[in-house]
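**Q** Given next are the chains, with one letter for each unit.
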Amino acid sequence: MSETNGTLNTSLSFEDLEKVYDLLAVAIDTAGPDKETLFLAKLCLILAREIGDLASVQKGIATAGADLN
Amino acid sequence: MRPAGRGELESLYFSYPKFDFVRPPEMAGESDRHRVAVAGAGPVGLAAAIELARRGIRCVLLDEKDTLNNGSRAICVSRNSFETLQQLGVAARFENKALGWTRGRCYYRDKLIYRLEMPHSDQDRYLPMYNIQQQYIEQYLAERAAEFADMIDLRWQSAVTDVANGEGEVRLTVATPEGEYVLRSDYLLAADGAASRIRKTLGLRLAGENLPGRYVIADVRMDHDFPTERRSFFESEANPESTILVHRQPDDIWRVDWQLRPSEQADEAIAEDNVRARVQAILNMLGHAGPWELEWWSIYTANTLCLDDYRHGRVLFIGDAAHIVPIFGVRGLNNGFDDAMNAAWKLAYVLDGQAGEELLDSFTAERRGATLDVFRNAGKSSRFMTPPTRGYAVMRKAVLQLALTQEFARRFADPRQVVPYTYSGSPLTSYRHRDREFTGGIKAGSAAMNRKAGNGGFLLDYLGLGFKGLYFVERETIPSDILKLSGRLAAIDSNFSLLAISRKSLLQNAVTVIVDGEGRIFDAYAANDGSFYLLRPDRHVAARWLAARADEIEDALSTALSRGKG
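These protein sequences, in sequence, are chains B and L.
Residue numbering for the first sequence follows our numbering, starting at 1 and increasing by one per position.
Residue numbering for the second sequence follows our numbering, starting at 70 and increasing by one per position.
Isolated chain B (complex conformation):
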């Protein structure tokens, strides 16, 4: 996730994205229903710092917040 051009586009391949899907599924189960929100919040902070670009994070928050139901 080194490309920070102000969008959510990264160079992560679909195959890697699939691995992330599985890793997160297992991590959410490991955290358990009481703590999964806290786990995901911590993860977002860590990844936001790695991205190093506030605009990208703000755009991500907006996209994730849309169609939330």
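Rather than coming from a laboratory, the hints here were simulated on the basis of the structure.
Don't take each hint at face value.
Below are the DSSO-like pairs computed for lysine-lysine, each with C-alpha atoms no more than 30 Å apart in a straight line [unchecked claim]:
1. L/Lys449 - B/Lys19
2. L/Lys466 - B/Lys59
3. B/Lys35 - L/Lys466
4. B/Lys42 - L/Lys466
5. L/Lys180 - B/Lys19
Add chain L to chain B, keeping to what the hints say.
**A** This is chain L only, laid out in the frame that chain B set:
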């Protein structure tokens, strides 16, 4: 199950035949040993019997039923399977009846989020996928088998109840309406399905996982105007907590699958009134306002189970008898055909004396390898279709919601349809360092790709019974050392033949030449002047050379027949 008042074989559109029992020679005191017995006249057993017959090997095909398919209900037949059906000489019958398709649509909360487009071009002889009911699949194969009347001894109402794997032969106990008899055979192909009695008789067990998630599948007849496409619905209004699949079949029959909620009881879910209510809700969602009739329904759970070894002495397991796979990705029937072809050509070479019994050792390596690959892919599909835990359920919801607006998330909804397995690690595949000299083309171990032939038809129309050498040539003539090589290869495999692919017409009497004026075959195979592909009888590439090397090609053919260094 059928609606109340209709018998198990009372279909709205299909007339089930009734096959008589005929007393076999064994019941008149004869005890001649057969070369191959095939147990189970489903699609897989029938395909194996036809392939053996085509190769001049007689067999006895036994089935306990007195009619065609009344069990599983496969509907999707892949392009690769059509290429197999073409080899079996029965593809035209299928093509006339089946509904071909290339596209699919995936909906989340009844909004379109993904458009599936399967690879297809005018260079392909067949479409990527066809829908046809299993009854027709079996009917057409049984008709084809009947054309080999002197080669295939098809015995209905004959159940294999016991098997003894002995030295030099296998002895079957066959139960018939007129009593039992013993049948002796050199080999047995066990194609007796998911509940294989032969598997149990030999004390073998399937190992693997039972996946969560139960589906009801129902066939309905209705006049419904929608193209032949795969439609999948997540969190639809018609089944808010779980998924729905819809497929079109010939004769105005539509297949509807819906997942049961964890709280639903199976016996309630399959009660006729509940099935009708659920189908009506789904049809309302599809916008079908007209009448419909219920044809048949059933319930299933997804499993990834297989035998540790597909060969036990003189018994080879093929199809569902060897492995049970989830339906997502349509791999049950299609992989079963591949099992049948793999087992049949190898057995034929062993029985012909052109290969030793060691050739059969590669059957498990290749076909169990294919099963495990299916498990990896179908496992992913199943985890998406039926999330096994809360974590997977959250992730699926996340990508489905994102897919409404975000392109990157849409591919998660791809159904991961079946693709032929690559036998790259097989003991029959050789010269991998030559394989790596290519940039592109068809990798060693992969299934050959069909392309248009300039002088009519398609590349795969030119396959024969044996191994095939594809020699790519850009000069005026085929070099004499290649012609000599062809003769030496025919000494190893009497059915071997050479096929030259040339950009222009060649004056060459001894060799069949495909004129590839537009270079489509050259491109697909990443070939240039002097390139050589060695194709197995089942269309897989045994080995390939960017520049043909006679000594290596001869050796590769011996290796592909498990004959060791030539």
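**Q** For each hint, tell me whether it holds in the structure or not.
**A** Now for the hints, and whether the structure bears them out:
Proximity of L/Lys449 to B/Lys19 is assessed by CA-CA distance (about 11 Å); at most 30 Å being required, the pair is judged to hold. For the proposed pair L/Lys466 and B/Lys59, the alpha carbon gap of about 20 Å is at most 30 Å, so the pair holds. Our distance criterion of 30 Å between C-alpha atoms is met by B/Lys35 and L/Lys466, whose separation comes to about 18 Å. With a CA separation close to 20 Å, the supplied pair B/Lys42 and L/Lys466 stays within the 30 Å bound.
Distance hint between L/Lys180 and B/Lys19 is fulfilled; the C-alpha atoms sit about 26 Å from each other, no more than 30 Å.
Comparing the model with each numbered hint stated earlier shows that all of them hold.
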